[in-house]
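*Asks:* Residue strings, one per chain:
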Amino acid sequence: MPHQSFPILDLLHQRVTTSQALFGLSVGFDIVQISQMEGSLRAFGETFTKRLFTPNELIYANCDEGLFAERLAARFAAKEAVIKALQLSELGVDWRDIEVIKKSDGDCYLQLHGQVSRLALSMGAMQWLLSMSHDGDYAGAVVMALGVTPNPQISELSTKVKYVGIH
Amino acid sequence: MLESIELKIRDVLRDHGRLNQDIERIDMQTDLYKSGMTSHASVNVMLALEGAFDIEFPDNFLKRSVFGSIDSIRRAVTELRVAS
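Here the protein sequences line up with chains A and B, keeping their order.
Residues in the first sequence are numbered consecutively from 490, following our numbering.
Residues in the second sequence are numbered consecutively from 617, following our numbering.
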C-alpha cells in the first residue's frame with residue numbers, strides 16, 4: 490500500500506517540535522477499553538484497584554452508581570499518558586504516584602507524588618495539563634507537561650513526535 | 617523447574633495477555649507488546665503472575681521491558697522467587 494500523506498500531521502509535527510524546543514512541551518496520550526477495565530475488576534478486585542489507584546480516586550469513581558469502571562479507565566489512561574510524556578516506562582514507577590484530582594467545579598488535574606514527582610521536577614516539568622474523555626467502550630486521556638528541559642534523548646525522538654502515544 | 621515456570625507464564629499470558637496469536641506460537645523472545653499486549657493487559661499479567669507464583673513485583677520491576685517477552689518475565693519471576 491503506498492504511503493498516504495497527511496499534510497496536517499506534518500504541520501502539527503513542525504508546530505509540536507518547535508513548541509517542544511521553545512517551551513519544553515511534552516505530550517502523552519493513552520486509551521483504555523472500559524469493558525477490559527470491568528474484566529480486570531472482576532478478575533482481581535481490590536488487588537487491582539489498590540495497586541493502581543489512590544483512595545481519593547477510588548472514592549470519587551465509586552460515588553455515582555454505574556460509573557466506576559469508566560472513571561477508573563480514564564484515570565488509568567491519564568497515568569499511562571504521564572508515563573509516556575516523561576518517558577518513564579523503563580524507570581519503574583508506582584501508578585499511585587500519579588493521581589487525578591477532581592475539583593469541585595468538575596475539572597480534573599494531575600497531582601504527582603513520590604518518585605514520579607521527583608523525576609518530573611528533575612526534568613523541569615512544572616505544570617501539567619490534563620484532558621480526559623470517554624465515549625462508548627473507550628476512555629482516553631491526553632496530558633501535556635510544560636517546562637520539560639530539552640535533552641538529547643527528546644531531541645533525538647523529536648522527528649518521531651507525531652507517533653508519540655501510539656502503542 | 618524452569619519448564620514449569622514457563623508453562624505457568626504461558627497460562628497467565630493465555631488468560632490475561634490479550635495476545636493476537638496463540639500462545640503456542642509465541643517463543644521465548646517474541647515481543648509481547650508487538651503481539652497485542654497493551655499496558656493495561658500487562659498489569660493484569662503482573663497481578664496474575666503474583667498470584668500464580670506467590671510473589672510481588674516491586675516498583676523497580678514495573679518496567680515495560682520486564683513484561684516484554686516470556687524470557688524477560690521468566691528472569692524476573694525467578695529473581696523474585698529467590699528473593700522471597
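Check before you lean on any hint, since a few could be wrong.
Simulated coverage check for chain A against chain B, where a stretch passes if three residues somewhere in it have a Cβ under 8 angstroms from a Cβ of chain B [unchecked claim]:
hint, region
1, 515 to 527
2, 589 to 602
3, 607 to 619
Mimicking SDA-like on lysine to any residue, the simulated pairs with C-alpha atoms at most 25 angstroms apart in a straight line are [to be verified]:
hint, chain 1, residue 1, chain 2, residue 2
4, A, Lys539, B, Ser651
5, B, Lys679, A, Lys591
6, B, Lys624, B, Ser651
7, A, Lys539, B, Ser655
8, A, Lys591, A, Thr638
9, A, Lys539, A, Gly613
10, B, Lys650, B, Ala664
11, A, Lys539, B, Phe669
12, A, Lys539, B, Asn636
13, A, Lys592, A, Arg531
14, B, Lys650, A, Gln576
15, B, Lys624, B, Ser681
16, A, Lys539, B, Thr646
17, B, Lys650, A, Lys539
18, B, Lys650, A, Asp583
19, A, Lys539, B, Ser620
20, B, Lys679, A, Glu554
21, B, Lys624, A, Leu635
22, B, Lys679, A, Gly613
23, A, Lys592, A, Ala532
24, B, Lys679, A, Leu580
25, B, Lys624, A, Gln576
26, B, Lys650, B, Val698
27, A, Lys591, A, Glu554
28, B, Lys624, B, Asn636
29, B, Lys679, A, Thr638
30, B, Lys624, B, Glu666
31, B, Lys650, A, Gly636
32, B, Lys679, A, Asp553
33, A, Lys592, A, Ser622
34, B, Lys624, A, Gly629
35, A, Lys592, A, Thr638
36, B, Lys624, A, Gly581
37, B, Lys650, A, Lys592
38, B, Lys679, A, Phe518
39, B, Lys679, A, Lys592
40, B, Lys650, A, Gly629
The hints are simulated quantities; they were obtained by calculation from the structure and are not laboratory data.
Keep in mind that this is a model prediction, so the values were computed, not measured.
The C-beta atom is built at its ideal place from N, Cα and C for all residues, glycine as well.
*Asks:* Which of the stated hints cannot be reconciled with the structure, identified by number in ascending sequence?
*Replies:* Going through the list in order, the structure violates hints 2, 3, 4, 5, 8, 9, 12, 13, 16, 17, 19, 20, 21, 23, 25, 26, 31, 32, 34, 35, 37, 39 and respects the others.
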